[in-house]
Amino acid sequence: MTLLRVENLAIDVAREGGARRLVHDAHFSVDRGETLAIVGESGSGKSLTALAVMGLLDEGLKVAGGRMVFDGQDLGALTPRQHNDLRGSRIAMIFQEPMTSLNPVRSIERQLTEGMRLKNKLSRRAARARALELLAEVGISDPERRLKQFPHQLSGGMRQRVMIAIALSCEPELILADEPTTALDVTIQAQILALTSRLCRDHGVGLVLITHNLGIVARHAGNVAVMYGGRVVERATARQLYRDPRHPYTQGLLASVPRLDLPRDTPLRPVPGAPPDPTVAFPGCRFHPRCAKATDICREKVPEFTEADGHEVACWNAGAVAAEAKGAVA
Amino acid sequence: MTGAGPLLQVEDLHVSFPIRKGLLQRVVGEVKAVNGVSFSVPRGSAFGLVGESGCGKTTVARAVLQLVEADAGAIRFDGEDIAQMNAPALQRFRSRVQAVFQDPFSSLNPRMTVGRILGEPLRVHRLMPASGIRAEVARLLDICGLPAGFAELYPHEMSGGQRQRVGIARALAMKPELIVCDEAVSALDVSIQAQIINLLEELQKELGLTYLFIGHDLSVVRHLCDEVAVMYLGRIAEHAPSDPLFASPRHPYTQALIDAVPNPDPDYEAGREIVPLEGEVPSPANPPSGCYFHPRCPLATERCRREAPGLAPVEPGHSAACWETGMALPAE
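Chains as they are written, first to last, in the numbering used here: chain Y, 17 to 346; chain B, 19 to 350.
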């Protein structure tokens, strides 16, 4: 059974004059021991989607459609209490900013053992012993001393290691990591991501890695969902996506990043314009105002998904787009 | 005065900050943020300073902009030592050197319209009569890819990319020769970042600008800069033209930085052998002995623990500070 399947998820925000849709259609799935990357820029809805799975949407935001099925259970049908029981114990989350997601006035020991004592009903002594193991596992030296410390006494990289240890503490089946290394230096970023991937693989944990960094996706993810303007617009294995990007937005993203493995003077071909304001509704494909290939139908109707070899794309011109991209490469 | 030498020369720059403690804020020590940095930037070129947090790259930029004072060393602009400049020369200097910062939201005044933000430096430096300012603002917006109507907007009414274009337009208002870009594209989304990089390149070509580009994203720095210096804890670890630096790095830290950057190609990544760097950057308030990099270095020997290597040439134009892979001289 698929560990997590999200289907046609829609999320609305309550505004004066009625609800506005922020996420129109998120869909993806992830299995045990597998890494799925959700790629997108600010406002694409990738973080909201993760928060919806966690049952942590802010007040004023609500799931307005679709389904999220975790290990056969419909998350939408859960009471807040039932959702709370899953959170931390079976589904864990790693946030971007470890300084704001750790409690500054509680010791590392208290924060790291809280979940285990509450969810797994471990004794204080057993939880402490496990906490020491976890800190060693995430590569923190002198765990005895670190347990007594407070977040401000740790470096950014160490705090994020503690966050990973907390996420792993109740042996979850699924971890959602929202830009887990964006605030860190490159060498620390590489350490933390390698660690997270290895631990998830070793423990058979499904990992949803939310990022804007296409390099990180290529290094760590097996499958990818690209989100734009509140929709998943393309879904494929990482190999398929990089070798044969079919959505014009995905192609634009890939042409936007300078790369160390290509000649220095390789020109960047960015997508013109900026992502749409998520609260402003307009007909047709969310990408059409920036798309060089947009036709009349793109301005009128939301594109349907087409699938070939497990590679899905939501673009009216995907056939032509894909053929042309291939022609350009050849 | 337009000399033939490099536009900017930084010579043995030292900058330190006091560490204060206690109720009386007594000075109990100092952080050597920049510890003997030298480089020069030829006119019309782009020079990159890369490194992780605490390496001193931003402090170098701030010293060049005269926002922090140097303890020792010299910064020469167009052959003239800026510490020796008199007030009128310094004012001229301030218009010839401009800055673009990382966060366009906090570097633009939220209470001013774009028109006022761009017009103010023109008024202050009396670059043109008041009647010409409106047209000049429109021209500045146009070369930065924004419609003239943006002059009426406030910063919060614009997207991050548009704000950064305004930040660049403001720098250009003074017709500067050198622009210091401190993480100027780091806060932007991928597709917007590429637009701004292209804009910086076009402007450089059209206006003959010189850039001092501070960044932590190696691929962006490589793309934009002709020459790059890699900094670690206040010192330059390696310095070379971009191509040799990235193709054949000589310092183990440069190699580690390059290894840490994942390329957007799963096949390339799958076949890549990476020895991840252990540990974290030590505190600049309490740097290690010898070579500052030795606690994290896979090649470190006894000598590296004892004695700091100086920057020495390994090829023409390419220098590295490493006992093992360079031809290091002892650091002074």
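By construction, these hints were calculated from the structure, which means they are not laboratory data. Everything numeric in this text was worked out from a predicted model, so none of it was measured. Beta carbons are placed, not taken as given, at the ideal position from N, Cα and C, and that holds for glycine. Any given hint might turn out to be false.
[To be verified] Chain Y stretches covered by chain B per the calculated footprint, using a threshold of three residues with CB under 8 Å from any CB of chain B:
#, region
1, 142-153
2, 233-239
3, 246-258
4, 262-273
5, 288-300
These are the hints, each one checked on the structure:
1. 142-153: Per the Cβ count (0), the hint is violated.
2. 233-239: holds (count 4)
3. 246-258: holds (count 3)
4. 262-273: With 6 residues closer than 8 Å to chain B, the region 262-273 of chain Y meets the three-residue bar; holds.
5. 288-300: holds (count 3)
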